[in-house]
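Let the hints inform the model, and build the full structure from the sequences given.
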Amino acid sequence: MFDSVALSAAVVAGDPDKVKAETASLLEAGVPPKDIIEQGLIPAMDVVGEKFQEGEVFIPDLLFSARAMSEALATLRPLLSEEETAASGRVVLGTVKGDVHDIGKKLVGMMLEGAGFEVTDLGTDVAPSAFVEAVKEKRPHIVGLSALLTTTMGQMKNTIDALVESGLRDDLKVMIGGAAVSEEYATQIGADAHGPDATVAVELARKFMAELGA
Amino acid sequence: MRSNYQVQATVGLSVLSQDQREELHLAAIHCLENTGCKVDEPEALELLREAGVHEVSPGHVLIPGSLVEEALRRAPPAVTLHTRLGDPTVRLEGHRVYFGTGSDCPYILDPDTGERRRFTWDDVGAAMRLCDALENMDFVMSLGLVSDAPPAVSDRRQFEAMLLNTVKPIVFTAHDRAGMRDIMAMAAAARGGPEVLEREPSICLYAEPSTPLQHTRTAVEKLLEAADHRLPVIYTPCPIAGATAPASPAGCLVVGIAENLSGLVMHQLKRPGAPFIFGGVISIMDMRTSILSYGAPELSLFSAALTDMAHYYRLPMFSTAGCSDSKLVDEQAAIEATMSVLMAALSGANLIHDTGFLEAAICGSMEMVVLSDEVIAAAKRILGGVPMGEDDLALDVIKEVGPGGDFLAHEHTRRHFRRNFRPRLIDRRNYEAWAKRGEGRMSDRLNARVKEILAEHRPEPVSAEAKREIETILGRAGKAAGSQGVGGG
Numbered sequence: 256m257f258d259s260v261a262l263s264a265a266v267v268a269g270d271p272d273k274v275k276a277e278t279a280s281l282l283e284a285g286v287p288p289k290d291i292i293e294q295g296l297i298p299a300m301d302v303v304g305e306k307f308q309e310g311e312v313f314i315p316d317l318l319f320s321a322r323a324m325s326e327a328l329a330t331l332r333p334l335l336s337e338e339e340t341a342a343s344g345r346v347v348l349g350t351v352k353g354d355v356h357d358i359g360k361k362l363v364g365m366m367l368e369g370a371g372f373e374v375t376d377l378g379t380d381v382a383p384s385a386f387v388e389a390v391k392e393k394r395p396h397i398v399g400l401s402a403l404l405t406t407t408m409g410q411m412k413n414t415i416d417a418l419v420e421s422g423l424r425d426d427l428k429v430m431i432g433g434a435a436v437s438e439e440y441a442t443q444i445g446a447d448a449h450g451p452d453a454t455v456a457v458e459l460a461r462k463f464m465a466e467l468g469a
Numbered sequence: 125m126r127s128n129y130q131v132q133a134t135v136g137l138s139v140l141s142q143d144q145r146e147e148l149h150l151a152a153i154h155c156l157e158n159t160g161c162k163v164d165e166p167e168a169l170e171l172l173r174e175a176g177v178h179e180v181s182p183g184h185v186l187i188p189g190s191l192v193e194e195a196l197r198r199a200p201p202a203v204t205l206h207t208r209l210g211d212p213t214v215r216l217e218g219h220r221v222y223f224g225t226g227s228d229c230p231y232i233l234d235p236d237t238g239e240r241r242r243f244t245w246d247d248v249g250a251a252m253r254l255c256d257a258l259e260n261m262d263f264v265m266s267l268g269l270v271s272d273a274p275p276a277v278s279d280r281r282q283f284e285a286m287l288l289n290t291v292k293p294i295v296f297t298a299h300d301r302a303g304m305r306d307i308m309a310m311a312a313a314a315r316g317g318p319e320v321l322e323r324e325p326s327i328c329l330y331a332e333p334s335t336p337l338q339h340t341r342t343a344v345e346k347l348l349e350a351a352d353h354r355l356p357v358i359y360t361p362c363p364i365a366g367a368t369a370p371a372s373p374a375g376c377l378v379v380g381i382a383e384n385l386s387g388l389v390m391h392q393l394k395r396p397g398a399p400f401i402f403g404g405v406i407s408i409m410d411m412r413t414s415i416l417s418y419g420a421p422e423l424s425l426f427s428a429a430l431t432d433m434a435h436y437y438r439l440p441m442f443s444t445a446g447c448s449d450s451k452l453v454d455e456q457a458a459i460e461a462t463m464s465v466l467m468a469a470l471s472g473a474n475l476i477h478d479t480g481f482l483e484a485a486i487c488g489s490m491e492m493v494v495l496s497d498e499v500i501a502a503a504k505r506i507l508g509g510v511p512m513g514e515d516d517l518a519l520d521v522i523k524e525v526g527p528g529g530d531f532l533a534h535e536h537t538r539r540h541f542r543r544n545f546r547p548r549l550i551d552r553r554n555y556e557a558w559a560k561r562g563e564g565r566m567s568d569r570l571n572a573r574v575k576e577i578l579a580e581h582r583p584e585p586v587s588a589e590a591k592r593e594i595e596t597i598l599g600r601a602g603k604a605a606g607s608q609g610v611g612g613g
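Each protein sequence line maps, in turn, to chains B and C.
Numbering (the working numbering) for the first sequence: 256 to 469.
Numbering (the working numbering) for the second sequence: 125 to 613.
Just so you know, these hints were derived from the structure itself, not from any lab.
Keep in mind that a hint or two might mislead.
Chain C side only, calculated, beta carbon under 7 Å to chain B, not exhaustive [unchecked claim]:
1. P230
2. H299
3. S334
4. Q338
5. A367
6. T368
7. S372
8. M411
9. S414
Ideal Cβ positions, reconstructed from N, Cα and C, are used throughout, including at glycine.
Now the structure itself:
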């Protein structure tokens, strides 16, 4: 155990420079990178998460903290052993083909990074084949699909089908989000869950990691 | 006889001074000239290139202010919508205010069971019959999404439900250009031909750019199609302050204005003088729940400011009111609907939509439509102001009645009291009378009124010939779509 108070305060304040400085000094003091992440940064984000639930901080504050955290993570990840790196959750996100709406997806991505996940955001108007390629390349634990419109949500099914066809579906979890979709729709198209908002998405992601035994 | 006497005939508000309007306009031009926008539709890009925009990278264009000024000069300041029977009831110009429902909610609160369930084709029909009967609904949007039609043709089926169940002007949505064409054909069949429809439109397209500053292929296709047929079109941004637009009100407005203006430029390049309706659904992202808030006071404020800009531009204005983030038709819904209805009316927006929306546009409620209808009637009374004729000042009446007298049975009272707001569902009885009637809460009365209208009101049907034509169009669309999976749920 080490003194994580200063690090925690910097994360809660959403101050990337302080977070980096604290991280550097902890490394210098010989604290293992894995410990800094698991006993310092992630608990700090949990504190931020609690304050958010209480209404003490809001989404922009959360995102500043998440960004400070992920900048620190970026410096720590290269220092982790291969085995330690493999343990962090990997997520691929995208807005499906034909849809350019992405504000919800961006929010989910930023909050997942704040929770310690490695997130690859494919952007918008992402064809099923592009999702398949990204999954082959990144080997994510979780794929997140976003669509706002009822005219594009059908692409969620096409994307899941493409993952099935490529033999990739069974090794990962799929969650969907967007104003027009629902739990019912998720079940219908063979997704694992529906996230009605970004905080639920993070909870789901954690749950998925436990289920995948990762 | 006298001279130089000025009267404020109606009540209103404005949020922006003339200088502020000019400043926002210049800021929007600056935005278009320096940040520009992305356009993903080839015909529009060609038109823009020919007109002399600077292309930063393929599809990313900077639009010069001169193109905007030209488009503003050409766009008509007035658009009139007609009923299905040809009456020019909705004059979108100046500060004339008209109200209607919103469109495309996935869910409904069932008026019989209170259950929250998927919106169906039958529900759209019922909502339209309701609006057809309500005095203060001047136009309609679908209120809900037809979830029980094949996704590829759900837009046509949705329009069908609207066309058959009300004569009031219809603002419609369409999946794409093909959907639009079928819908226009259906409307033309009910009006007696496409020429009549073009000359005296009873329908208006609703389409949207994607904030910030993106014009997608499908949206622009629809925009240009509307221009081509001189079909009134609302091409309306949805800037969410703090998320897809700046969190400051002025910054949020700049993005919304810039999107409107860039849409107008493309539209007017396609067909100068075609009817275009300015506006938006403009509000904040709630930073606890991440929703676009439909009940926020910011919605009313930003909409009123955007309305001031529409007046500055001399374009009809599409605004938003009568909606709520509440999940039920409760006190919150009433607060939020009332604030936005009154603000929209006072601001002088022309085509004010989204009455009946709950749950930040996820759930439509017929009781909420009726609630809004009542609030609109009250708002209209406020708009009426204080008339100042001799009879209004009533000096002779006051003299006649004298100190300590009463005005109850006076002829003057009989003449004037009828101009007061007449509550239909709002209750003013004393306690005993109210308790005896047993109609308790406003929500009960709203529900009863919905049921009453649906049981009694029969809208003017379309002709048998038109109905046949409509069915042919739907049949053809169904065949063309086959079993293609567009949409879902």
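Each hint tested on the structure:
{"no.": "1", "hint": "P230", "in the structure": "6 Å, holds"}
{"no.": "2", "hint": "H299", "in the structure": "5 Å, holds"}
{"no.": "3", "hint": "S334", "in the structure": "5 Å, holds"}
{"no.": "4", "hint": "Q338", "in the structure": "6 Å, holds"}
{"no.": "5", "hint": "A367", "in the structure": "5 Å, holds"}
{"no.": "6", "hint": "T368", "in the structure": "5 Å, holds"}
{"no.": "7", "hint": "S372", "in the structure": "13 Å, violated"}
{"no.": "8", "hint": "M411", "in the structure": "4 Å, holds"}
{"no.": "9", "hint": "S414", "in the structure": "6 Å, holds"}
Taken one by one, the earlier hints fail for this structure only at number 7.
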